[in-house]
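A.B. asks: Protein chains in written order, with numbering that gives the first Met the number 0: chain F, 0 to 310; chain B, 0 to 310; chain L, 0 to 284.
It cannot be assumed that every hint is accurate.
Here are the simulated DMTMM-like pairs of lysine to aspartate or glutamate, each with C-alpha atoms no more than 20 Å apart in a straight line [to be verified]: (1) B:K40 / F:E112; (2) F:K162 / F:D149; (3) L:K40 / B:E93; (4) B:K40 / B:E93; (5) L:K114 / B:D246; (6) B:K40 / L:E93; (7) B:K179 / F:D113; (8) L:K86 / F:D115; (9) F:K101 / B:E165; (10) F:K76 / F:D50; (11) B:K18 / B:E135; (12) B:K40 / F:D113; (13) B:K40 / F:D115; (14) F:K101 / F:D30; (15) F:K76 / B:E165; (16) L:K40 / L:D218; (17) B:K90 / L:D218; (18) F:K101 / F:D144; (19) B:K88 / L:D218; (20) B:K40 / L:E87; (21) B:K90 / L:D164; (22) B:K179 / F:D115; (23) B:K18 / B:D134; (24) B:K18 / B:D246.
Covered stretches of chain L, as calculated for chain B (at least 3 residues, CB under 8 Å) [said to hold, decoys possible]: (25) 44 to 54; (26) 120 to 126; (27) 202 to 210; (28) 240 to 253.
These are computed hints drawn from the structure, not numbers from a lab.
Note that beta-carbon positions come from the ideal geometry of N, C-alpha and C, so glycine has one too.
Below are the chains, spelled out letter by letter.
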Amino acid sequence: MNAPVPTDRLASPSPASNVVPGTPAGPPRGDGILVDRVSVTYPNGTTAVRDASFALDPGTICALVGINGSGKSTVFKAIMGFVRPSAGAVRLCGMPVAQALKRNIVAYVPQSEDVDWNFPVLVEDVVMMGRYGHMNMLRIPARADRAKVDEALERVGMAAFRKRQIGELSGGQKKRVFLARALAQEGRIILLDEPFTGVDVTTEGAIVALLRELRAAGHVMLVSTHDLGSVPDFCDQVVLLDRTVLAAGATAEVFTPENLQRTFGGALRNFRLGGAALHQDADRRSLTVLTDDERPLVFYGDPDSDGEGRT
Amino acid sequence: MDGLLAELLVPFDYDYMRKAIWVSALVGGTCAFLSAYLMLKGWSLMGDALGHAIVPGVAVAAILGAPFAAGAFVAGLFASLAMYVVRQKTKLREDAVIGLVFTSLFALGLLIASMRPTAVSIQTIVLGNILAISDEDIVQVAVIAGVSLAVMALLWKDLMVTFFDEAHARSIGLRVTTLKIVFFTLLSACTVAALQTVGACLVIAMVVTPGATAYLLTDRFGRLIGISVALGVSTSAVGAYLSYFLDGATGGVIVTLQTLLFLAAFVFAPRHGVLASRRRRAAGLGETREAARAREAIQAREAIQAREVAP
Amino acid sequence: MSMLADWITGPLAYPFMQRALVVSLLVAAVCAVLSCYLVLKGWSLMGDAISHAVLPGIVIAHVAGLPLVVGAFAAGLSCALLTGYLKENSRIKEDTVMGIVFSGMFGLGLVLFTKVETDQHLNHILFGDVLGVSVRDVIETAIVAGGTLLVVLALRRDLLLYCFDPGHARTIGLPVRVLHYGLLVLLALTIVASLKAVGIILVIAMLIGPGATAYLLADRFGRMLAVAVATAMLSAAIGTLASFHIDGAPGACIVLTQSLFFGLAFLFAPRNGVLARRRVPAGTA
Numbered sequence: 000m001n002a003p004v005p006t007d008r009l010a011s012p013s014p015a016s017n018v019v020p021g022t023p024a025g026p027p028r029g030d031g032i033l034v035d036r037v038s039v040t041y042p043n044g045t046t047a048v049r050d051a052s053f054a055l056d057p058g059t060i061c062a063l064v065g066i067n068g069s070g071k072s073t074v075f076k077a078i079m080g081f082v083r084p085s086a087g088a089v090r091l092c093g094m095p096v097a098q099a100l101k102r103n104i105v106a107y108v109p110q111s112e113d114v115d116w117n118f119p120v121l122v123e124d125v126v127m128m129g130r131y132g133h134m135n136m137l138r139i140p141a142r143a144d145r146a147k148v149d150e151a152l153e154r155v156g157m158a159a160f161r162k163r164q165i166g167e168l169s170g171g172q173k174k175r176v177f178l179a180r181a182l183a184q185e186g187r188i189i190l191l192d193e194p195f196t197g198v199d200v201t202t203e204g205a206i207v208a209l210l211r212e213l214r215a216a217g218h219v220m221l222v223s224t225h226d227l228g229s230v231p232d233f234c235d236q237v238v239l240l241d242r243t244v245l246a247a248g249a250t251a252e253v254f255t256p257e258n259l260q261r262t263f264g265g266a267l268r269n270f271r272l273g274g275a276a277l278h279q280d281a282d283r284r285s286l287t288v289l290t291d292d293e294r295p296l297v298f299y300g301d302p303d304s305d306g307e308g309r310t
Numbered sequence: 000m001d002g003l004l005a006e007l008l009v010p011f012d013y014d015y016m017r018k019a020i021w022v023s024a025l026v027g028g029t030c031a032f033l034s035a036y037l038m039l040k041g042w043s044l045m046g047d048a049l050g051h052a053i054v055p056g057v058a059v060a061a062i063l064g065a066p067f068a069a070g071a072f073v074a075g076l077f078a079s080l081a082m083y084v085v086r087q088k089t090k091l092r093e094d095a096v097i098g099l100v101f102t103s104l105f106a107l108g109l110l111i112a113s114m115r116p117t118a119v120s121i122q123t124i125v126l127g128n129i130l131a132i133s134d135e136d137i138v139q140v141a142v143i144a145g146v147s148l149a150v151m152a153l154l155w156k157d158l159m160v161t162f163f164d165e166a167h168a169r170s171i172g173l174r175v176t177t178l179k180i181v182f183f184t185l186l187s188a189c190t191v192a193a194l195q196t197v198g199a200c201l202v203i204a205m206v207v208t209p210g211a212t213a214y215l216l217t218d219r220f221g222r223l224i225g226i227s228v229a230l231g232v233s234t235s236a237v238g239a240y241l242s243y244f245l246d247g248a249t250g251g252v253i254v255t256l257q258t259l260l261f262l263a264a265f266v267f268a269p270r271h272g273v274l275a276s277r278r279r280r281a282a283g284l285g286e287t288r289e290a291a292r293a294r295e296a297i298q299a300r301e302a303i304q305a306r307e308v309a310p
Numbered sequence: 000m001s002m003l004a005d006w007i008t009g010p011l012a013y014p015f016m017q018r019a020l021v022v023s024l025l026v027a028a029v030c031a032v033l034s035c036y037l038v039l040k041g042w043s044l045m046g047d048a049i050s051h052a053v054l055p056g057i058v059i060a061h062v063a064g065l066p067l068v069v070g071a072f073a074a075g076l077s078c079a080l081l082t083g084y085l086k087e088n089s090r091i092k093e094d095t096v097m098g099i100v101f102s103g104m105f106g107l108g109l110v111l112f113t114k115v116e117t118d119q120h121l122n123h124i125l126f127g128d129v130l131g132v133s134v135r136d137v138i139e140t141a142i143v144a145g146g147t148l149l150v151v152l153a154l155r156r157d158l159l160l161y162c163f164d165p166g167h168a169r170t171i172g173l174p175v176r177v178l179h180y181g182l183l184v185l186l187a188l189t190i191v192a193s194l195k196a197v198g199i200i201l202v203i204a205m206l207i208g209p210g211a212t213a214y215l216l217a218d219r220f221g222r223m224l225a226v227a228v229a230t231a232m233l234s235a236a237i238g239t240l241a242s243f244h245i246d247g248a249p250g251a252c253i254v255l256t257q258s259l260f261f262g263l264a265f266l267f268a269p270r271n272g273v274l275a276r277r278r279v280p281a282g283t284a
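The shape of chain F in the complex, shown without the other chains:
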């Protein structure tokens, strides 16, 4: 009986170890992102998100988790001012969205499918676009802007590729270019849309490491993902979404099998191994694997009070 999971995932650090030292205790006050009872209704009458609330402080990496159509992209759009909430309000670093955008506070890393990879721009051109908000009307780069671009490219390890047209890169390299653009932009808030799809393991590791550095520097990152397996690895906060916020808070408290079942309904595969199937002895702990056919999420420990522990 082999568990249908790669074994290294079993050894993932417990969520509790992700709490950044030095963060103030207590619930987040929303000094980074504050989504306050937001509802979004589109012109065609559909309400994509109803009464959603969550708060994130600086120095946070937060996962935004939900199935397709759960309103992840609508939440992003509301934060970026693409759609105006029909009720409620979004505040970024204490400011209304429009003001925050003017101050260049929000950086966005798009999904790969949303980018026209044939566009005639080089890697360095894309990263330079991150600096446009800091330049004058004519967008003529100053020496400082060039330096920031160089630095950002160095940091994601793409300096050697700066003269390539963006379509000539691999999936992971493409992702890193847009991450570099976010770095060059120096936004306090970084939104990442499915950053791990189509990305190799090395790049994923590099991205996670970079996000941790940014967290240490006080940035707020909101990561939309359906890659459940990696969430406890690097996210200290989680928002579970299904047309409203089902649960939000510290990963350890929110990212539980029950909540995930609620979020995903029947869309997840659920394996639970326990008792004799898992252990030779009378260990009561069981293994739960949740997967939506991407990376599986593994829970290992005492079964919950609903008492499914078999002997």
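Chain F is already provided as a structure; the job is to place chains B and L on it using the hints.
C.D. replies: Relative to chain F, chains B and L alone:
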């Protein structure tokens, strides 16, 4: 020899030829600037549609003795509005909506012209007549081209970001909707100018072909614009000059030149031309990363199948 | 009542109006059938492109002494093929390539036209000359249009499947490439057949309007075809007669009548019309 030279210089002896050449060059350059954006977004049908949709406005303006551009502007506005409403209220594909609206308006223009043949020359509208352009029209065209070039010179980078990555454009505080409106207003205005130079049916070439040719020659957007404008200016000036020897049909000559240059670039472009890619393929270097990956995947699958069949 | 009867029969007392009516009805029917496929497939620009591109073919055929129909057909088809080739071998978007090719061919056609002495009037090629058709033209049009119509109707299910889901069509063993080029050939033939009646510029309208109108009125493809043909032929009749009374260009009148029908369908269609939707309380969507 002297005789030949003298003959080649004959067109410059005529005032109307000198005017036609410089006005064509101005219009060609301005349209080429816009073409860099239009062809990347797959909006060629828009260029064609605008060229046809303004015809009834031009016809009415001719009957009323109003300025050419004013009638065109009203008709263009009406066309955009009609397309928007039909698009919002039906499930029809966008291309069908655009096609429906512009052909209807064009037919209306023809009907008006057929009923008042003395006031409106349908030949002029459909085929252009730069050789007989009046001084007032030159002023109109020059103002349109001058304003368009000035605005584009200011905004070209902002528009590039907007069309490349709208979300990012918003995040750095650009007013995306305003920029798009500005772009399409300029496009409509340039369509009016192009209508006088090459006629309704060939407007699309002026706002698409130079950009597409430049796109085959470079991977950088700034250079793309430079090449495109150079092509637009030179083909229009040379075309107008040559049309002296070809009994008119200025529009036809200009567009034929542009198309020939496009075909030349298609064959001979150093990196993106057919010959270059054939050479690369012969050298085994033409394989893109995606192609390589696909090939490896197929080979791997074949290997597995071979193994399965073997025992 | 008798006024209406006079309105109809008055023009038809003239033989040239009778011929015009017959040609318009034929062309309207075949264009309407094709338009259903083009609207569903998103090929409106393709119709636009092929129709413009036939111009050099007509001029060259005239110089070479060939039937104009042959030249037009060859030019239209080579526009489609050249577009396909350029698209396959470059990174330029399909609609851009199409725009470049057809405008280039149209421009070339204009240049050739001015250099060649012809008895053809450019306006007649561009906008048709339905009032000047001879009996021979009527027969020619009838043959081309009738043949095209028969082929489309015989293949209508295969073509529909191809337009709706090419992938599926391929998996069930339909010759997708043949259907693709078959549809292009039929399109080129239709445009050639329409030359006399509406000319190469207005035929685009005939290749979009009826299909779009029918799309709003019918939920099933069979009915869509029927509605398209019916509205197109009705428009052709009304437009031709109206052009006589108001002394306007017949092609333009036909197209505008079609647009009028679209406007009516847009407002009053029983399920998809603007007014029907308004009756449904908002928010149920």
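A.B. asks: Does L:E93 sit within 20 Å of B:K40, going by the straight-line distance between their CA atoms?
C.D. replies: holds, 11 Å
A.B. asks: So if I understand the rule, the pair passes when the alpha-carbon distance is 20 Å or less; does F:K162 with F:D149 pass?
C.D. replies: Between F:K162 and F:D149 the Cα gap is close to 12 Å, so the pair holds against 20 Å.
A.B. asks: Checking C-beta pairs, does the segment 44 to 54 of chain L have three or more residues closer than 8 Å to chain B?
C.D. replies: Per the Cβ count (4), the hint holds.
A.B. asks: Holds or violated: are the alpha carbons of F:K101 and B:E165 at most 20 Å from each other?
C.D. replies: holds, 15 Å
A.B. asks: Is B:K18 close enough to B:D134, meaning Cα to Cα at most 20 Å?
C.D. replies: Satisfied, since the Cα-Cα distance of roughly 9 Å is no more than 20 Å.
A.B. asks: Would the hint linking L:K40 and L:D218 be met if the CA-CA limit is 20 Å?
C.D. replies: holds, 16 Å
A.B. asks: Given the hinted pair B:K18 and B:E135, is their alpha-carbon gap at most 20 Å?
C.D. replies: Cα-Cα ~12 Å, so holds.
A.B. asks: Can you take a look at whether the segment 120 to 126 of chain L is actually covered by chain B? Rule is 3+ residues, C-beta closer than 8 Å.
C.D. replies: holds (count 4)
A.B. asks: Holds or violated: B:K179 and F:D113, Cα atoms, limit 20 Å.
C.D. replies: holds, 19 Å
A.B. asks: Does F:D115 sit within 20 Å of B:K179, going by the straight-line distance between their CA atoms?
C.D. replies: holds, 18 Å
A.B. asks: When you check the alpha-carbon spacing of B:K90 and L:D218, does it fall within 20 Å?
C.D. replies: With a Cα-Cα distance of about 12 Å, the restraint between B:K90 and L:D218 holds, given a limit of 20 Å.
A.B. asks: Against the 20 Å threshold, does the CA-CA distance of F:K76 and F:D50 hold or violate the hint?
C.D. replies: Status holds; Cα separation ~15 Å.
Figure legend: structure checked against the earlier numbered hints; every hint is met.
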